[in-house]
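> Letter by letter, the chains look like this.
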Amino acid sequence: MMGIYKKVFLLLLTMLITGSAFAEPGVFIAELNFEDFLSIINNEEKTHIIDKDISKSNFENIYEINRYRNIGFEYSGKIFGISIAITEENANIKQKKTDREMTKSLASRAIAIPEIEIEFRNSELPQKLQNEIYKISNNERH
Amino acid sequence: MKYIKYQIMKGTEFEVEKTFRIKFFEKETFLGYIYIVEKSDMKIQSIRSEKDFLRDLIKTPRKYAEKNERITVVDTFEYCLKNPEKLELEISEEMQLRLYLSALYLKEGRKEEAVETLNRLPENMAEIFCVQRIR
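Protein sequences, first through last, are from chains U and Z.
According to this note's numbering, the residues represented by the first sequence are 11 to 152, in order.
According to this note's numbering, the residues represented by the second sequence are 2 to 136, in order.
These are calculated hints, taken from the structure and not from any lab test.
Be aware that one or more of the hints could be misleading.
[To be verified] Here are the simulated lysine to aspartate or glutamate pairs, DMTMM-like style, with alpha carbons at most 25 Å apart:
| id | chain 1 | residue 1 | chain 2 | residue 2 |
| --- | --- | --- | --- | --- |
| 1 | Z | LYS19 | U | GLU54 |
| 2 | Z | LYS68 | U | GLU74 |
| 3 | Z | LYS40 | U | GLU70 |
| 4 | Z | LYS19 | U | GLU134 |
| 5 | Z | LYS24 | U | GLU134 |
| 6 | Z | LYS11 | U | GLU54 |
| 7 | Z | LYS19 | Z | GLU29 |
| 8 | U | LYS138 | Z | GLU51 |
| 9 | U | LYS138 | Z | GLU70 |
| 10 | U | LYS114 | Z | ASP76 |
| 11 | Z | LYS40 | U | GLU129 |
| 12 | Z | LYS52 | U | GLU54 |
| 13 | U | LYS138 | Z | GLU124 |
| 14 | Z | LYS87 | U | GLU127 |
| 15 | Z | LYS40 | U | GLU54 |
| 16 | U | LYS106 | Z | GLU27 |
| 17 | U | LYS66 | Z | GLU70 |
| 18 | Z | LYS52 | U | GLU98 |
| 19 | Z | LYS6 | Z | ASP76 |
| 20 | Z | LYS6 | U | ASP61 |
| 21 | Z | LYS87 | Z | GLU114 |
| 22 | Z | LYS87 | Z | ASP42 |
| 23 | Z | LYS6 | U | GLU54 |
| 24 | Z | LYS60 | Z | GLU94 |
Nothing here was measured: the structure is a model prediction, and the numbers come from that model.
Here chain Z stands alone, though its shape is the one from the complex (with noise of 0.2 Å):
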């Protein structure tokens, strides 16, 4: 999902006072409604930041994965791996994340920038998702 469908579906909350208009319409080809509200009895209460978008995102990095074009994925996992202050990954997410995208690397093809990513890693990583279970 993209982050400004993630919006419209789920990330925006807002509240309205009072709707102006509500209509339905029909033809032979389309169907629709239109909502009209006055700007003042319409307030934004919250809009989700992009952290919580890409962490929603992210929650099962195998399942976006699957559901998603692998380029996309790759986008995403490299760029959460590129602000991983900013979207507060733990260090075990981290890893997985790293995991995931050498895979898709080779997959893809790109031998060195996956050998790279695994290089990554570090060598006490079993420690590290021990210290997660246990949490």
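Just chain U, with the same shape it has in the complex (with noise of 0.2 Å):
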């Protein structure tokens, strides 16, 4: 008996050590850090845009056009419209430029998302031609 109590103990002092008793479950857009992204949005603002205790739900539908991944939300009286492009290493400064002028272009896009998944709720579309969501905290595609 005192040794499951030992090694419940030993887990949570782990745990505590780590850090991870208190991390939320791990989401990410891209291959960014949900903390390191509101930090992004955060930047050079005089106040905060978005405060931590912003639903990391808002993050995870992420739709997924050509290799481009979108993002729209509403929040605090604001909609937010993100696209992101992974950039390979040895990326080229003509494919830098394509992927910012495409990002640009989407994000302008993706503010209307929130209201084209409301309307979206009333579909009777076959599951193929729904939609593709790329949940990157599971790696499945829906």
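Dock chain to chain to rebuild the complex, using the hints, since each chain is given by itself in its own frame.
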């Protein structure tokens, strides 16, 4: 009996030391950590646009168009449209320029995603025609 | 193209009065943009209906069949043929889809379904297509 308590105690101790006891489920956008991503959004802002209390579920539905990952959500009276390109190691300037232009264009369209999602809830289309959501957190396509 | 992608790319029309923020970000492995607008500054003008979406997809059934996985094409054609009123399909369009669908069934080895689909084609098919061309 004491053995079990000891094991649980050691497990809790390990979690406390590594910080994993407080860590929330790992949600990543692209290869980006959630906290890092919030700091990118808030970077150089006088007041934070997004607080840490934002639900991570806002970032979970990622719509992949070609190789660009797009997210759109509403938060605190504002609508966010985000588009991300994963750049290859040896990407040249031309490729980066294309990625920059594409993500700009897609992010400007991604602000419509929250409204589209509302409309989409009423869809009776067959599954194959509905959508392809890329969930980075579990690497599954739906 | 799936319905939501279609909406993002070209289906939804909206107007933004003022953009709150446009931010570019770049790190070693990724780059991208964030657009932020106040909800009150954005107005959705129109969202394309399922009918428009499907009619766009099957505008040229052959092209659609060539560009997509067979199973997706079969699902699409089956759905369209089950809902001809919803899509406002003309008889000639419906017949065309039936022909393609039966060919796809055959390719998949679904002979009974292929025969059943072909049996639903009217005997005066040539006339139907003639009328369509004259129009």
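> Does the structure break any of the earlier hints, and which numbers would those be?
4, 5, 6, 7, 10, 12, 13, 17, 18, 20, 22 and 23
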